[in-house]
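Colleague: Full structure from sequences and hints, please.
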Amino acid sequence: MAAGRPQEEVATLVRAAAAGDASAWESLVARFSGLVWSVVRGHQLTRADSADVFQTTWLRLVEHIDRLHAPEQVGSWLATTARRECLRAACAHGRSVPVDEAMLVLFGWSDDYSPEHAVLEAEQVQLDAARAERLWQALADLPPRCRQLLRVLMASPPPGYTEIAAALGMPVGSIGPTRARCLQRLRQQLAGQVSELASRAHDNQQAGREGTRAG
Amino acid sequence: MPDEAEDAELESMLREAAAWLDPVPAELIQAATAAFGWRNVDAELAELVLDSLLDRPGAALVRGSGGPRLLHFRADLLTIEVEVTGTGSACELIGQVFPAQRAGLEIRHGAQVDHAAIDDLGRFRVEFVPAGPVSLYCRPASGGTGTAVVTDWIPL
Chain F
128 MAAGRPQEEV ATLVRAAAAG DASAWESLVA RFSGLVWSVV RGHQLTRADS ADVFQTTWLR
188 LVEHIDRLHA PEQVGSWLAT TARRECLRAA CAHGRSVPVD EAMLVLFGWS DDYSPEHAVL
248 EAEQVQLDAA RAERLWQALA DLPPRCRQLL RVLMASPPPG YTEIAAALGM PVGSIGPTRA
308 RCLQRLRQQL AGQVSELASR AHDNQQAGRE GTRAG
Chain W
141 MPDEAEDAEL ESMLREAAAW LDPVPAELIQ AATAAFGWRN VDAELAELVL DSLLDRPGAA
201 LVRGSGGPRL LHFRADLLTI EVEVTGTGSA CELIGQVFPA QRAGLEIRHG AQVDHAAIDD
261 LGRFRVEFVP AGPVSLYCRP ASGGTGTAVV TDWIPL
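Listed in order, the protein sequences are those of chains F and W. For the numbering used here, add 127 to where a residue sits in the first sequence, where the first one is 1. For the numbering used here, add 140 to where a residue sits in the second sequence, where the first one is 1.
Derived by calculation from the structure, the hints in this document are not laboratory data. Using N, Cα and C, we set each Cβ at its ideal position, and we do this for glycine too. Each hint should be verified, as a subset may be incorrect.
Some chain F residues judged to face chain W by a derived CB distance under 10 Å, without partners named [stated by the list, open to error]:
(1) V137
(2) A175
(3) V189
(4) L313
Modeller: See the structure below:
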């Protein structure tokens, strides 16, 4: 494919896939899976619902690929479709995620993909693992709109503002300010964690001293 | 007030954490790739125009209060109405096509296709459809003049 602007490249892939080119379809899956997944994960659905929404979104595109009004905007189309399907799943099965599953949602996809496992796989130093988990915990504690926005920002490759707007159902113009506000809230959340840890350590120290005195 | 560089740094830390702790599961990428196998070039698309889960006023409030879920799909020349009861691996679909006509019906779900018939009055009934994305493919009876119609995928 001739190198062009990313949007033109995407439009070219969409047209090729619509004409039956399976490798063009694979490229679209590779390019936009991270975006679709980030939209789904921001909604904290159960594991089964997350998988269904992800799969339904791609199946929908198969049927619609030759009738998209703006092929270069397929990322926004996917994000919008995924968001609507998340709402449908929430209506069908309720928003509540069982506690044990909530932990899985928090710490990754499946039983065999624990953070510890991830650490081993990535061969990262312990400090990085602790930092990543702190970030993840802080993210989970944010209000839903902020969590959804930041989770979409985290998609890889990074989505454009029109795709983020589609994922949130917000005007493009309000993404920038909302992003800044949500990142600020995340910082506050992280600071709160740190002070909580510090006060817990302090309490433990106190308890330790009292224990010594009592004994 | 943090500046843009600090925001960008925090954002890239977040992206790194997501790639690490919550990557797209490989089996879902495979499923999305395989979805292309469902592409068809001969059928007209019947789009989902009503899902009682979302479109009924107060749908969220009456959830769980009984009553079947209703799905309506519309193509230019054919409308398909479906009533869904049951859950899990035992969903039942009772449907009607308008205008009424005899036709073959394929129920596409997962990697599988089940077959059923639409009778002269345009009615059909399918049992034991598993939860998950499903799409109906309506094939005109041999000798019929209409074109095939396929519905949008919808999770049951």
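Colleague: Now tell me, hint by hint, if it's right for this structure.
Modeller: Hint check:
1. The interface hint given for V137 of chain F is broken, as the beta carbon of that residue sits about 16 Å from the closest beta carbon of chain W, more than 10 Å.
2. Hint status for A175 of chain F: holds, given a least beta-carbon distance of 8 Å to chain W, under 10 Å.
3. This hint holds: V189 of chain F has a C-beta 5 Å from the nearest C-beta of chain W, less than the 10 Å allowed.
4. With a cut of 10 Å, the hint placing L313 of chain F at the interface with chain W holds, because the nearest CB-to-CB distance is about 7 Å.
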